[in-house]
Amino acid sequence: MVTIACDAKGRAAAEPFTTAAHQQHPSLIDEKLTVAELYDARNVPAAFWIDEEGRMVRANDPIYAQRRNRETGEVTLNTEYLDAVRDWVAKGPQSKYLMDQERINARRPALDADDVAAAAEFHLGTYLALHGHAADALVHFKRAHALRPDNWTYKRQAWSLGDIERDYGTTFQEALKDPESGPFYPPLDLAGHG
Amino acid sequence: MAAATVLYQEREAEAEVSAQGAELWLTLPALTELSGWELKPEGVCKDETCVPVPAARRAALIGTEASGTVFNLTEFARLIQQPFAHDEAHAVWYFGPAGWEWKDRMSSRQAPDFELPDLAGRMHSLSELRGRKLFLLFWASW
Chain A
1 MVTIACDAKG RAAAEPFTTA AHQQHPSLID EKLTVAELYD ARNVPAAFWI
51 DEEGRMVRAN DPIYAQRRNR ETGEVTLNTE YLDAVRDWVA KGPQSKYLMD
101 QERINARRPA LDADDVAAAA EFHLGTYLAL HGHAADALVH FKRAHALRPD
151 NWTYKRQAWS LGDIERDYGT TFQEALKDPE SGPFYPPLDL AGHG
Chain B
1 MAAATVLYQE REAEAEVSAQ GAELWLTLPA LTELSGWELK PEGVCKDETC
51 VPVPAARRAA LIGTEASGTV FNLTEFARLI QQPFAHDEAH AVWYFGPAGW
101 EWKDRMSSRQ APDFELPDLA GRMHSLSELR GRKLFLLFWA SW
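Top to bottom, those sequences are chains A and B. Numbering-wise (the working numbering), the first sequence opens with residue 1 and increments by one. Numbering-wise (the working numbering), the second sequence opens with residue 1 and increments by one.
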């Protein structure tokens with residue numbers, strides 16, 4: 001297992017969580033989100049399965065291993081997904097959860113001109129925000145969000161560098177309902193190649 | 001000529017540039033220093049790649065100023081389908097990957113290799129983990 005923290009503020013942002021989780025695996029930091037873009041992680045969490053030969057066999061599962069109910073504090077394990085991972089570990093290429101290329105491509109579609117234009121605006125905005133120009137960064141973040149409203153990674157990272165209500169005139173709950181943005185997490189579909 | 005910051009994918013450099021609106025003109029030494037591209041008789045070259053300069057776009061790409069020959073990096077970005085963004089107030093330009101880099105990611109079943117630091121700054125690559133099943137999880141603090 002390898003985890004990648006997508007945080008413009010790098011180690012300072014990630015370490016409180018990795019320390020609390022007592023991580024034993026390689027815990028990497030992707031400050032510029034270049035690897036998140038390479039894998040098309042348009043929101044987090046996003047999980048990928050890679051086999052012994054370095055081939056991607058499942059892509060972009062929007063998955064938590066466990067969830068905590070904010071009101072009751074109750075923690076529930078996502079046993080369905082954990083069982084799927086165990087199935088792959090035990091059966092390897094025979095696991096019914098492995099995806100064929102067509103399904104992987106659907107989870108990680110080809111980039112278009114809007115994707116890469118959004119990325120350019122997002123990276124410029126991040127640079128400005130981290131160099132003390134938060135107000136000027138907003139113009140570029142908003143362009144990125146308008147170009148790719150379904151990229152929650154660009155939204156959530158930008159919001160975290162400012163104030164969503166003051167800077168974007170919305171709230172997280174309202175933004176979730178924006179029909180332009182599509183689903184925050186697509187439904188978990190465990191099917192493999194059928 | 002005025003100072004500007006150019007973020008060319010992983011490179012970041014300050015340079016004296018000749019900006020005209022959103023067009024970014026550079027001297028040839030600055031071009032190579034900022035972007036790695038070099039103007040040669042066969043085209044605009046970096047490592048094994050040479051992009052020919054189309055005759056119809058030559059005037060938009062290459063000009064002459066008092067400082068000598070200048071090259072329009074934004075026009076070149078359009079030519080190679082490279083996304084870019086510009087902040088006029090702070091004179092910062094960002095250039096993303098060339099079209100041939102961002103368009104070919106579907107061509108292989110191999111998971112794209114990468115190299116990233118861990119919390120202690122030690123670098124890890126995907127290829128060094130070959131031979132084991134790998135569960136790769138992206139997360140964030142935000």
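Since the hints were derived computationally from the structure, they do not count as laboratory data. Some clues are possibly wrong.
Unchecked claim - The calculated lysine-lysine pairs, modelled on PhoX-like cross-linking and capped at a C-alpha distance of 20 Å, are:
| # | chain 1 | residue 1 | chain 2 | residue 2 |
| --- | --- | --- | --- | --- |
| 1 | B | K133 | A | K96 |
| 2 | A | K91 | B | K103 |
| 3 | A | K177 | A | K142 |
| 4 | B | K103 | B | K46 |
| 5 | A | K32 | A | K142 |
| 6 | A | K32 | A | K9 |
Only a predicted model underlies this, so the values are computations on that prediction, with no experimental measurement involved.
Hints, verified against the model:
no., hint, in the structure
1, B:K133 <-> A:K96, "16 Å, holds"
2, A:K91 <-> B:K103, "34 Å, violated"
3, A:K177 <-> A:K142, "18 Å, holds"
4, B:K103 <-> B:K46, "19 Å, holds"
5, A:K32 <-> A:K142, "18 Å, holds"
6, A:K32 <-> A:K9, "9 Å, holds"
Figure legend: structure checked against the earlier numbered hints; the only hint not met is number 2.
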